[in-house]
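Chemist: Could you build the full structure based on these sequences and the hints that come with them?
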Amino acid sequence: KNQVEQSPQSLIILEGKNCTLQCNYTVSPFSNLRWYKQDTGRGPVSLTIMTFSENTKSNGRYTATLDADTKQSSLHITASQLSDSASYICVVSVYNFNKFYFGSGTKLNVKP
Amino acid sequence: EPEVTQTPSHQVTQMGQEVILRCVPISNHLYFYWYRQILGQKVEFLVSFYNNEISEKSEIFDDQFSVERPDGSNFTLKIRSTKLEDSAMYFCASSEGVSGNTIYFGEGSWLTVV
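Respectively, the protein sequence lines represent chains A and B.
FYI, in the working numbering the residues of the first sequence are 1 to 112.
FYI, in the working numbering the residues of the second sequence are 1 to 114.
Relax, there's no trap hidden among the hints.
Partial list, derived from the structure: chain A residues whose beta carbon lies under 8 Å from chain B: (1) Arg-42; (2) Phe-102; (3) Gly-105.
Note that these hints are calculated values from the structure, not bench results.
Don't be surprised by glycine CBs; every beta carbon is placed ideally from N, CA and C.
Modeler: This is the structure in structure tokens:
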């Protein structure tokens, strides 16, 4: 069964600290993995897209890693800011199909 | 930056009524999507649309749902006879292609069925 699991469900950190969010998937055949940021009540906004051959991709203070062998990805946020408070969603797509599987998200709360 | 726009932002409808949610995808995009997010739950894929036809749909997208691209700019989701459990945020999205292309989401249409 194609599934995407994220951990932790929620996380509270202090402003300026780093954090790492995890994503494990069983989606097959794998095409690509995306990380999105979703503010409450808003549409998801793309942070990174990683294909099978990519191990690491950065977007400013966001760095995503992918291990296609173990089917795991992480999103590392450096020097967190209050505006990073949001849900972070991992999305995996199936090769050759226009279909996407969403994780439940990690709700990040950055406190001053 | 170009964006996906959705209307209405919020609609309240009575159970059994038909609802049409509208979307204007980014102009040079070829792939269009509808997703749904029930309050407090994860985003769920409903349907993808390419070349004027459905390319993929999920189990959620049953006979009460339909999509249409009535002209060159709009992409609509119709729910024929709404049920209470259809209450959710509906997101439209579009992309230039599949695979490594970024999918851009609209701000959502919040549907409340009473």
